[in-house]
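Spelled out, the chains give:
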Amino acid sequence: MDTEGMVERATRPARVSEPFIGLAGVEKTYRMGRLDYPALRGIDLEIGAGELVAVVGPSGSGKTTILNLVAGIDRPTAGTVTVGGRRIDLMSEEELAVWRGEHVGVVFQFFQLLPTLSALENAVLPLDFARRGSKRERFEHARRNLALVGLGDKADHLPAELSGGEQQRVAIARALAADPQLIVGDEPTGNLDTVTAAEMFELFKRLNEQGKTVLYVTHDRELAARAHRVVAIRDGVVVAA
Amino acid sequence: MVSSLLRKSISDLSRRRSRTFFAVATLALAVASLGLFATPALMNRAMSAEVTADRLPDLTISMRPLVLDQAQLSALAAVPNVRAVEPRSLFGGRVYVGARRAFAQVLGIPDFTRQAVNVVHVASGVAPGTGVVLTDAQNARQGLLSVHAGQTVRIIAADGAVRSLRVSGEGRNLDGGQTVASDSVIVLYATPATVASLSRTPGYDELFFTLGDTRPAAVNTTIAAIRHTLAAVPGFAGFSDLPQVRAAGDWPGKSGFQNASKFLYVITLLALLSALVLISNTVTTLVAEQTSEIGIMKAVGGRRRQIAAVYLKTAVLLGGLGATAGIVLGAVIAFVLTRYLGSTLFAVGVGFGIDWPIVIISALVGLLGPPLAALPAIRRAVRVPLRDALQATGSAVGGQDAGDRLLGRVRFLPRTAQIGLRNAGRRRRRSLSTSLVIALAVGTLLAVLGLATAVANASRGSWADHGEDVKIVPVGGRLLDASAAALIRATPGVATVDPMFVTDVKLDGKDAKIWAVQQATVFHYRIAAGRWFTRAEEQTRAHVAIIESDIAQTTGARLGHSIIVQTASGPASFRVIGISPQQQENGTTLFVPLTTMHALLTSRPADANEYWVQTTSPDHAFIDRTTTRIEDTLTAHGYDVNSEVVYVKLANEIASNSTKTTMLAAVGLLVVAISMAGLANALTMSVLERTREIGILRSIGARARDIRRIFATETLTLATAGWLIAVPLGYVLDRFLVWLLNNVLNLSITVSFPAWNLALSLAGTILLALLITLVPIRRATHLRPGDALRYA
Chain A
1 MDTEGMVERA
11 TRPARVSEPF
21 IGLAGVEKTY
31 RMGRLDYPAL
41 RGIDLEIGAG
51 ELVAVVGPSG
61 SGKTTILNLV
71 AGIDRPTAGT
81 VTVGGRRIDL
91 MSEEELAVWR
101 GEHVGVVFQF
111 FQLLPTLSAL
121 ENAVLPLDFA
131 RRGSKRERFE
141 HARRNLALVG
151 LGDKADHLPA
161 ELSGGEQQRV
171 AIARALAADP
181 QLIVGDEPTG
191 NLDTVTAAEM
201 FELFKRLNEQ
211 GKTVLYVTHD
221 RELAARAHRV
231 VAIRDGVVVA
241 A
Chain B
1001 MVSSLLRKSI
1011 SDLSRRRSRT
1021 FFAVATLALA
1031 VASLGLFATP
1041 ALMNRAMSAE
1051 VTADRLPDLT
1061 ISMRPLVLDQ
1071 AQLSALAAVP
1081 NVRAVEPRSL
1091 FGGRVYVGAR
1101 RAFAQVLGIP
1111 DFTRQAVNVV
1121 HVASGVAPGT
1131 GVVLTDAQNA
1141 RQGLLSVHAG
1151 QTVRIIAADG
1161 AVRSLRVSGE
1171 GRNLDGGQTV
1181 ASDSVIVLYA
1191 TPATVASLSR
1201 TPGYDELFFT
1211 LGDTRPAAVN
1221 TTIAAIRHTL
1231 AAVPGFAGFS
1241 DLPQVRAAGD
1251 WPGKSGFQNA
1261 SKFLYVITLL
1271 ALLSALVLIS
1281 NTVTTLVAEQ
1291 TSEIGIMKAV
1301 GGRRRQIAAV
1311 YLKTAVLLGG
1321 LGATAGIVLG
1331 AVIAFVLTRY
1341 LGSTLFAVGV
1351 GFGIDWPIVI
1361 ISALVGLLGP
1371 PLAALPAIRR
1381 AVRVPLRDAL
1391 QATGSAVGGQ
1401 DAGDRLLGRV
1411 RFLPRTAQIG
1421 LRNAGRRRRR
1431 SLSTSLVIAL
1441 AVGTLLAVLG
1451 LATAVANASR
1461 GSWADHGEDV
1471 KIVPVGGRLL
1481 DASAAALIRA
1491 TPGVATVDPM
1501 FVTDVKLDGK
1511 DAKIWAVQQA
1521 TVFHYRIAAG
1531 RWFTRAEEQT
1541 RAHVAIIESD
1551 IAQTTGARLG
1561 HSIIVQTASG
1571 PASFRVIGIS
1581 PQQQENGTTL
1591 FVPLTTMHAL
1601 LTSRPADANE
1611 YWVQTTSPDH
1621 AFIDRTTTRI
1631 EDTLTAHGYD
1641 VNSEVVYVKL
1651 ANEIASNSTK
1661 TTMLAAVGLL
1671 VVAISMAGLA
1681 NALTMSVLER
1691 TREIGILRSI
1701 GARARDIRRI
1711 FATETLTLAT
1721 AGWLIAVPLG
1731 YVLDRFLVWL
1741 LNNVLNLSIT
1751 VSFPAWNLAL
1761 SLAGTILLAL
1771 LITLVPIRRA
1781 THLRPGDALR
1791 YA
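Sequence lines, in order, name chains A and B.
Numbering follows the working numbering, with no gaps: position 21 of the first sequence is 21.
Numbering follows the working numbering, with no gaps: position 632 of the second sequence is 1632.
Hints listed in this document are in silico derivations from the structure and should not be mistaken for laboratory results.
You can take every hint at face value.
With a straight-line cut-off of 20 Å between C-alpha atoms, the simulated SDA-like cross-links for lysine to any residue are:
| id | chain 1 | residue 1 | chain 2 | residue 2 |
| --- | --- | --- | --- | --- |
| 1 | A | K135 | B | P1414 |
| 2 | A | K154 | B | D1404 |
| 3 | A | K135 | B | G1408 |
| 4 | A | K154 | B | R1405 |
| 5 | B | K1008 | B | R1304 |
| 6 | B | K1008 | A | G33 |
| 7 | A | K154 | B | G1408 |
| 8 | B | K1649 | B | S1462 |
| 9 | A | K135 | B | R1709 |
| 10 | B | K1506 | B | H1561 |
Please put together the full structure from these sequences, using the hints given.
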């Protein structure tokens, strides 16, 4: 990887004995009509708790697939996926949904907010699904998260009334709703200008410094270089980790 | 090799199979509903075949019993313009149905194997010999008399003796069957010898003719020639009734059937309207979600007309599939309905038939409906600016206008329900169309149920005014005098005897009836304005009248006015002292003192042509036994009477009305089917559009029940909105159907729109909506998040 001009890389935390995220012999094949497409061809990967990891690679290399497997959004065709000591590849869809709501915060490239809910309502949604605390407590928590991402004054705005950067901040506030141990982002800054993208990354970095494990896919070399570690994927296999 | 544009038109249908399925199903139901218009033509065809098979007469002559030998019958057959002649003897009396007696006709057929006109077919069993009868198939179907071959029927002969006649089987005849259905008279077929043994009078009472030329002038000439030929027969005393001429193409019950068909058309048009709204919905959504693809086609050089043609072809393909399925379904529906009606109303078997004009119209509607419905949406879509089109996601954003803000204020519901409610407001036009279609279905059912209630209420209301349990009516024109009244009063089980005189009159040129009654009558009269007549007015035979409000309205008669009534004895003047809101004789009745009528008609003071009798017990079996005793007593004293038992008349009327309204309700279910297909379609489209959103929700912790609740709320919102629109719509439709009934069938029904129907329809709508959307909701909950997020 070209390190010239790289910004300062984050300090990697001390490694504990058990990895927080473990992929062992993971394969993933998608069925596209009559064709089978092997997105991952046998991945072995370990990520420690509190790490800030960037996943890079060309389009179609399997980056998003890894993220989806770690977040329980997809299931491996073969191999095992362990997160926080739990084999998530063995969980049912319902168990995965509950687990995600409590342990994972997902940030998508295109924000993916519900258009009919306000910023505050979008931010509180995972807590509503987890039925955690009273309604008042949930809203207070969501307001704090919105304030954390700098949108405390736009809680009642609809997504259509916010800029791209503001929408992504709401998405991050939503991802933080259940105070998860793991944050995954699929090109979280891909739809933002460079200034806003940099601001977004600072947010991720702050969350990581608070102890959260952050895993993100990016095409941005500079952003990738600022991670503790870069995992490079090509043609469904890890070429550097 | 197929062009890429044509391939796109075809593949757009196969892309979203469930949506295509529902759209085709909806269109098929719409086209099938047009098949109902074929019912009158198919019935006409079937009945015409029956008319031919039955050799229904063109001319019927009624006369006093006349003995005719073969030579005399041959002479009648030889009359110019006569193709064939068939004589028949007739006995009118009563048969026992349990303990009760009912009116019956026994028709004597000379030779069952060689009937020339008005054929009675032996449907089951064997033709009767002497002392044996055949029961008409309609007797059992109409619930008047249910007997089988081998059983016996007890008939009261003219001399009062009861004869037991064995039943040899079941017969079928259009004329006889219609008599059973329309007059509620039991019809039996026998030999002339059997009839003569019952009537004690040999000879034929009716002559049936088929003619060569049925034009009026030729028929009149033929009638004159027949009369001339019969004049040479000893004992001929002239015709006893006007000769009945059957118009070409007519069959018994045709006009009633055609009138009833008008109601069918109203419901069918509603079904068609519902379906067209849904088709428009579906095609509009199909086009709207392809805005970005339209942008791509524009970007690579596609012109508006070329792009529009792609989607018009898709719509035509959709129409072709729907029309094909619909034509087949419509033919089946029309056949099943015609067969049911033929069997129920006319005891006629109907074979499968196709009404080609309706098939052609169905094909045109099916093929042209979808592209016409799609035109506005296509027009809008091809005019979207290229940049906007390329950025479109196909899913409504929503959340920004006043309606959305209003929905956003509903915060007391759980979050998932809030999401579902707001989703219903996102595709405003589609949600409104779906709710409108539900409204059409529920409104139609409310109207039909309201009509059924109104008709039943009218029947009950009309009969509730009757204080009598039995009506005794003299046969043959001889009035019942004071002796008859005394005999009735002395009969065990009789509580009250109320003499009445009912006669036809004209008021202001309009047909009316006078009910001449006693001041203290058993009839439960009601006064809306003015008063009933007093005892003094009864004693002085005052010319006073209480008139029903309907005829008061049509003639302009008011309280205190003098009216001139044309009676059998000439014009008579009456002062209107009261207006009644009742609906006896369809609201055309005038109530006057019986003494006044006696004075007008110069008959004996105690004469009556009806006696209304109250029994000492309301028990039906008790009423039957008392009626039998009254008839036996009067017959033994030389009075020839018939009886009408009120509870039987009421039950028959309600059953008859119930059959008609049930048929309407069954057709109304077609509209319900279309609306439910539309609802399933709308929700399927909603799930498809929000597949990625479902993936997101599942990614952030939503469980299956949360997804279920979101879409169930959307379903309930659409269903409830539909019901709310249905209530006023159903009321308006109910009023229209009652107006149609009153004007087509000359009835006087009042609109009824019971509140319990509203509650029932709301519960039914919600339940059915949730049931019908089980499949699309299940699909939503079973989506894997990864697949949902990748959905394109």
